[in-house]
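K.L.:
Sequence:
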Amino acid sequence: MDDDYELVRGTPDPETFCALREAAGLSARSLEGARRGLPNTLFGVRAERRGEVVGMARVVGDGGTVYEIVDVAVDPAHQGRGLGSAMVEELVGYLDREAPPRAYVSLLADVEGFYERWGFERTAPGSRGMFRRVDADGRFSDGGSES
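Per numbering that gives the first Met the number 0, residue 0 is the first one in the sequence shown, and the count goes up by one each step.
Bear in mind the hints are in silico, worked out from the structure with no lab data behind them.
These numbers come from a predicted model, not from an experiment.
Where hints are given, some of them may not hold.
[Claimed, not checked] Have a look at the derived ranges for each label pair, beta carbon to beta carbon:
| id | residue 1 | residue 2 | range |
| --- | --- | --- | --- |
| 1 | P124 | A22 | 30 to 36 Å |
| 2 | R131 | E5 | 24 to 30 Å |
| 3 | D136 | D1 | 23 to 29 Å |
| 4 | A18 | L107 | 35 to 41 Å |
| 5 | D1 | A102 | 29 to 35 Å |
| 6 | Y103 | R28 | 19 to 25 Å |
| 7 | G112 | L6 | 32 to 38 Å |
| 8 | G50 | P100 | 18 to 24 Å |
| 9 | R8 | A102 | 32 to 38 Å |
Even for Gly, the Cβ is constructed at its ideal location relative to N, Cα and C.
Required output: the full structure, derived from the provided sequences and hints.
P.N.:
Given below as structure tokens:
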């Protein structure tokens, strides 16, 4: 990671969270959802450059049996500098310290071959990831192809 950047524990504010997800090509989240969800983060880290949030990653779950790595995002103007790797390294360190024996840690990977270095494996064919999304009108959608 470049010296111009620093990792800060915590999550960005809801507005920055929503903007960064979209800038990084992740699916949009509502501001209402971000306001509700971010305080429930078990562990979060953000990458900053001169006080500007340019990356984020967090762990959510019940704090005992299940954990999920989510919202790993780096602004495209700051990608290729090791920020994503540094943030995931922080998340994995947290999980190594805090997750009790037999806890389940999951994630949905958008980048091929990125998470394997931390011991993550594909679940298929033993299990298969599924989802159900609430659309902008508050109804469950058919899922579509958006990730």
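K.L.:
Look at each hint and say if it fits the structure.
P.N.:
Cross-check of the supplied hints:
no.	hint	verdict
1	P124 to A22: 30 to 36 Å	holds (35 Å)
2	R131 to E5: 24 to 30 Å	violated (37 Å)
3	D136 to D1: 23 to 29 Å	violated (42 Å)
4	A18 to L107: 35 to 41 Å	violated (21 Å)
5	D1 to A102: 29 to 35 Å	holds (33 Å)
6	Y103 to R28: 19 to 25 Å	holds (24 Å)
7	G112 to L6: 32 to 38 Å	violated (23 Å)
8	G50 to P100: 18 to 24 Å	violated (40 Å)
9	R8 to A102: 32 to 38 Å	violated (21 Å)
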